[in-house]
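Since the structure of chain A is provided, determine the placement of chain B on it from the hints.
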Amino acid sequence: MPGTLVDARGLRCPLPVIRLAAAAKGLPVGAELTVLSTDPAAKLDVPAWCRMRGHEHVSTVEHTGDWDGWSVTVRLA
Amino acid sequence: MSHATPGTPDRVHLDNGGRAPWHPLARQAFEQALGDGWADPRRLHAEGRRAARLLDGAREAVAAVLGARTQEVHFTPGHTASLHMAVASAAAGRRRAGTTVVTSAVERAAVLQAAAHTAAGGSVHPAGARPTDVIVPAARPGPVPVDRLGRVDADAMIAAVQAPGVALAALQHANGEVGTVQPVDTVHDAARAAGVPLLVDAGASVGHVAVPGTWDLLAADPADWGGPAGVGVLAVRQRVRTTPVGPEDEDPWAPGGVSVPLAFAAAVALQAVEADRVEQEARRRELVDRVRAQVARIPDVEVVGDPEGRLPHVATFSFLYVDGEALVTELDRHGFAVGSGSACTSSTLEPSHVLAAMGVLTHGNVRIALDRTTTADEVDRFCAVLPGAVARVREMLGVGGL
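So the sequence lines, in the order shown, correspond to chains A and B. The number in the numbering used here is simply the position in the first sequence, starting from 1, with 25 added. The number in the numbering used here is simply the position in the second sequence, starting from 1, with 85 added.
Excised from the complex, chain A in its bound form (with noise of 0.2 Å):
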């Protein structure tokens, strides 16, 4: 996984995202970061996040097994 990864796991919203808002803090443009959530809410707000912020939200992958989330990739801008 490319860039820098933030693990939200078993934080609630609106935590997944600030964590993501912190890490990217000072970051260069074009730098990618992934944010793994547990909270169904994050997969839906990274995404509202980029674009209230003028990022790009990369892609967003669904985990099952070791554990149950969502791994959401942006790009910086």
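Heads up, incomplete: computed chain B residues facing chain A, CB under 7 Å, no partners named: (1) Tyr406; (2) Asp408; (3) Ala428; (4) Glu435; (5) Pro436; (6) Ala441; (7) Leu446; (8) Thr447; (9) His448; (10) Val484; (11) Leu487.
Source of the hints: derived by calculation from the structure; they are not laboratory data. The beta-carbon is built from N, C-alpha and C at its ideal position, and this holds for glycine as well.
Coordinates of chain B only, in the frame set by chain A:
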């Protein structure tokens, strides 16, 4: 800072969608009907006949507002029951056509659940059915998507209605969570042409805006317009074929009969709010415009719903980096009651399916629905308190500079 308790003059109740305070005339009507309409309207004695007259009058009054015939209007045990029964019995009436119920993605949960139940065969138990009648459904399409403003994709809905195997279509008149009005006329035209009945959930709009005539079944919610909870309204056009589901009863829409005082109070409240609806619509639309403009000045907010085609009294917005539960609590502490579609405010911890379908921010969500008694002063006080409340919740989460 005030720590106002519920029911005190300092409280400002801005969560009036689906449960508004009773209109004063509804209270009066209820009192009167407790005296005159307590008896069982199905009995043949004088007391029963008196109750039956009140119930008939109530149906007639509601029918006049909805543009329906009196015999097309039924009182039910409540709005959720109306929607469940409308979906189940209209779909059962068309079981030969199929079991698919086409819905928008932002229908009330009661509609979505009833549609899923019907598709699973839950309500279809035709007497004398032969094994050959059972058709294994193909992969069913999901609910029809909406755009960022919450408006259903009319072309996609029409295409879905025209597909084979459709028993019923359901489209709300307006969404009670975000206020967006749906293209009911267009969808009804297509549904009629396809021979598919359309159920219109007008639970958030009746009593607030003019009711469209383009429906085959229409559900309306007295608790939303200043009438009592515990009674619902379901209108079914005579041309629509329905098959009652569930055990047989004299009144399939309200097994055992409805409470006459509740039905009477609901009808009187509807007449009362219709009397000055146009003024109330304009007054509240202006207040909501004011709220939307003031809220948009708070940093990192998404004001949600169609800015134009919307209910006059509903406003919804989501704040980035805000915990919805904390914000509702903070506003409550300051005397303001508001609603929220954020996951942390729901018992299931799932965000509102309406916000999710729209693709808008689901956390930090606040929704307000102005009552007809809500004053401009109360709205201004809310607008004055909100930025500080948002800032305090953000401070608690330590999100400065993000």
